[in-house]
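Work out the full structure: start from the sequences and follow the hints.
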Amino acid sequence: MINFNINMGEGQVRRPAQRTILIIEDEGSSRWALAENLRKENFDVLEAKDGEAGLALAMGRRPDLILLDLVLPKIGGMELLKTLRADDWGKNVPVIIVTGLSDPAIISEAAGLGVSDFLVKNDWTLEAIVGKVKQKVLE
Amino acid sequence: MTKEVVSVSPETSLFDAAKLLYKNRFNGLPVVDGIGALVGILTEYDLVNIDSAIHIPTLQRILRRLALEKDGIEKEFETIAALKVAGVMNDDPLTLKETATLEEAVTAFTQHHRVNPIPVVDAQKRLVGIVSRSDLVKFFIDFPAKKPRITPPGPRLSEAAVGAMVEKSVSLLEDKILLFQSTISTADQAILITDIDAKIIYANKAWERLSGYSMDEILGKHPNDLWGGHMPKEFYDKLWQTIKTEKKPFVSQVKNVKKDGTEYWQDDYITPILDEKGDIRFFMSIEPDITDKKQKDQFREEFISIIGHQLRNPLKSISWMVEWLGKSSAISDEDRRKIEEIYKENKSLASFVEDLLVLSRVGKNTLSKEKFDLKVEIEAIVGEVKQANPRVEFVFEAEGADFSLTTNKPMAMQIFVNLIYNAAEYSDKGAGKVEISLQLKNGEYIFSSHNNGPDIAEEDRPKIFSKFFRSDVAKEMKKGGTGLGLFIIKSICDNFGWQIWFESSAGHGTTFYVKMPVSSQMINDKF
Chain A
1 MINFNINMGE GQVRRPAQRT ILIIEDEGSS RWALAENLRK ENFDVLEAKD
51 GEAGLALAMG RRPDLILLDL VLPKIGGMEL LKTLRADDWG KNVPVIIVTG
101 LSDPAIISEA AGLGVSDFLV KNDWTLEAIV GKVKQKVLE
Chain B
1 MTKEVVSVSP ETSLFDAAKL LYKNRFNGLP VVDGIGALVG ILTEYDLVNI
51 DSAIHIPTLQ RILRRLALEK DGIEKEFETI AALKVAGVMN DDPLTLKETA
101 TLEEAVTAFT QHHRVNPIPV VDAQKRLVGI VSRSDLVKFF IDFPAKKPRI
151 TPPGPRLSEA AVGAMVEKSV SLLEDKILLF QSTISTADQA ILITDIDAKI
201 IYANKAWERL SGYSMDEILG KHPNDLWGGH MPKEFYDKLW QTIKTEKKPF
251 VSQVKNVKKD GTEYWQDDYI TPILDEKGDI RFFMSIEPDI TDKKQKDQFR
301 EEFISIIGHQ LRNPLKSISW MVEWLGKSSA ISDEDRRKIE EIYKENKSLA
351 SFVEDLLVLS RVGKNTLSKE KFDLKVEIEA IVGEVKQANP RVEFVFEAEG
401 ADFSLTTNKP MAMQIFVNLI YNAAEYSDKG AGKVEISLQL KNGEYIFSSH
451 NNGPDIAEED RPKIFSKFFR SDVAKEMKKG GTGLGLFIIK SICDNFGWQI
501 WFESSAGHGT TFYVKMPVSS QMINDKF
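Those protein sequences? They're chains A and B, same order as listed.
With this note's numbering, letter number 1 in the first sequence gets 1, and the count goes up by one each step, no holes.
With this note's numbering, letter number 194 in the second sequence gets 194, and the count goes up by one each step, no holes.
Output of the computed footprint for chain B on chain A, the stretches with three or more beta carbons under 8 Å from beta carbons of chain B: (1) 19-32; (2) 125-133.
Some but not every residue of chain A turned toward chain B, in silico, with C-beta under 10 Å: (3) Glu36; (4) Asn37; (5) Val71; (6) Gly100; (7) Ile107; (8) Ser108.
Pairs of lysine to any residue, SDA-like flavour, derived with a Cα cap of 25 Å: (9) Lys132/A / Glu354/B; (10) Lys82/A / Ser368/B; (11) Lys344/B / Gly131/A; (12) Lys40/A / Ile318/B; (13) Lys371/B / Gly114/A; (14) Lys74/A / Ile306/B; (15) Lys134/A / Leu325/B; (16) Lys132/A / Ala350/B.
It is worth saying that the hints were derived from the structure and are not from the lab.
Don't be surprised by glycine CBs; every beta carbon is placed ideally from N, CA and C.
Given below as structure tokens:
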């Protein structure tokens with residue numbers, strides 16, 4: 001039995017670093033895996049498990065990049081993105097959508113809202129996603 | 001007639017006679033006296049006739065009384081047991097002389113509706129046989145087969161008798177035609193019947209729906225002047241050779257054009273209908289109706305979609321966790337190998353779920369359409385596949401400038417991505433070579449994807465587009481395949497009205513072709 005006794009609270013900051021990444025993902029294990037692997041790369045990682053908390057964290061902490069799931073409780077990913085893009089700061093923040101959905105209609109809608117990348121989770125390894133984040137943040 | 005007749009005497013108890021009738025499923029028993037002369041007939045009818053006041057009605061009465069009083073039963077039973085055939089039988093039965101003609105027999109049965117069977121007697125009124133309605137029916141059914149035996153001296157029928165028989169047969173036939181018509185006209189499949197010169201004599205409702213023509217518009221016309229005639233000459237040569245000369249069914253995909261000009265590919269099954277001499281009377285063409293299939297598949301598709309989405313997230317989580325675990329420095333090499341195996345298995349399960357989800361989207365009429373250049377897209381796919389298979393040599397040729405297509409792009413891409421990946425993955429292990437080509441011919445784009453891998457085994461060829469089919473070669477060459485790739489491709493092609501086929505031979509590799517009518521991309525809007 002694996003003990004997942006690790007604090008996965010929202011807005012948790014583990015160690016100070018230059019860049020801040022916000023992960024908005026409702027699924028605990030996925031969020032944990034992403035967060036831990038990004039921390040290993042020296043990122044400041046903020047975590048939110050629903051759209052409402054995610055939006056609040058984004059506006060309050062202004063991360064350098066947002067990893068966004070589309071299917072989220074309270075505020076859906078697409079709605080969150082629209083709200084974000086209507087904001088002065090939010091309209092320019094890089095957003096990478098990481099989702100299980102590969103529906104072309106959703107992809108094209110998200111593209112219209114200016115996302116940096118659209119990653120369908122199953123096609124991407126953790127390593128590749130971390131690589132993608134590094135590339136976007138450092139470019 | 002039957003010559004070995006079971007008969008009873010007038011003194012036989014009615015009970016025994018009834019048992020005989022029931023046991024042998026006779027309609028009637030002739031009653032003969034001590035010297036074999038016919039004295040009457042006992043029929044089922046006599047046993048239930050109220051006037052004769054016995055058996056069934058009586059028995060019912062007894063049974064009813066049985067419930068009320070015990071004393072009365074014995075008395076009733078005695079009464080019943082005492083009954084003799086003589087008391088019930090018809091003592092003036094209709095008979096036929098043994099010299100009677102078949103015609104007389106037919107007449108006897110037609111004139112006396114309730115009579116059955118009729119005893120046959122000789123001049124001394126001695127019973128020599130019995131003839132029943134079913135004997136006559138049997139005779140006429142067997143008539144053609146038994147012709148030689150009965151013709152020369154055999155019975156002759158009068159015109160009236162023949163007329164009556166013919167009338168009866170015609171009315172039976174009419175019933176059958178009615179049944180056939182109602183079945184065929186409401187069938188889900190599109191059904192077309194032509195005469196031997198391919199002039200249309202019947203089209204069912206599904207055909208009208210599919211082609212856009214009404215039956216009145218097409219009666220007497222040739223399919224080639226309507227929706228057909230869009231295939232190469234060799235196709236029609238082969239079609240006619242098969243159905244007209246070899247008299248065999250012809251199964252193929254055929255390109256037709258609807259009344260409104262929409263082109264579409266359809267599975268078509270054309271079969272000759274032969275008469276008993278083996279001559280062709282009609283041709284029947286059957287095309288499956290996609291509309292109906294769609295409705296039936298809808299529930300299944302939604303079901304798959306729900307399951308698929310529910311499986312997807314946990315599979316992804318497992319995949320990430322296992323990947324992460326595999327990077328841990330605190331594990332032995334052996335454990336790392338186990339973790340790699342878990343990772344691979346999980347990945348193949350995830351691709352299977354992806355395939356299922358793609359499949360569940362095929363045929364959804366909510367699919368959006370966009371215009372794109374096939375050449376540009378295929379070039380991109382070739383580049384991607386090349387990267388994944390660096391040891392394989394790729395050639396891409398496109399004859400012509402414009403390859404624009406308006407359809408659902410992600411679905412269409414499934415076809416080309418799958419075919420090009422397949423070509424690379426199943427190409428020669430040592431010196432793999434893949435040639436992709438695109439051309440415009442007679443208003444159709446033809447995509448082909450050739451590789452120099454092993455050929456597809458003869459026995460596997462008909463099964464290659466089936467669900468979950470994987471050839472031994474495929475299993476050998478690529479582990480973790482889902483067996484859904486070609487099935488998905490075929491489903492999408494069917495849905496788009498595109499034609500897909502392949503050629504494969506030892507030493508020459510395998511080529512898959514996809515033919516897309518340039519004007520066809522809207523076909524499914526009609527459904």
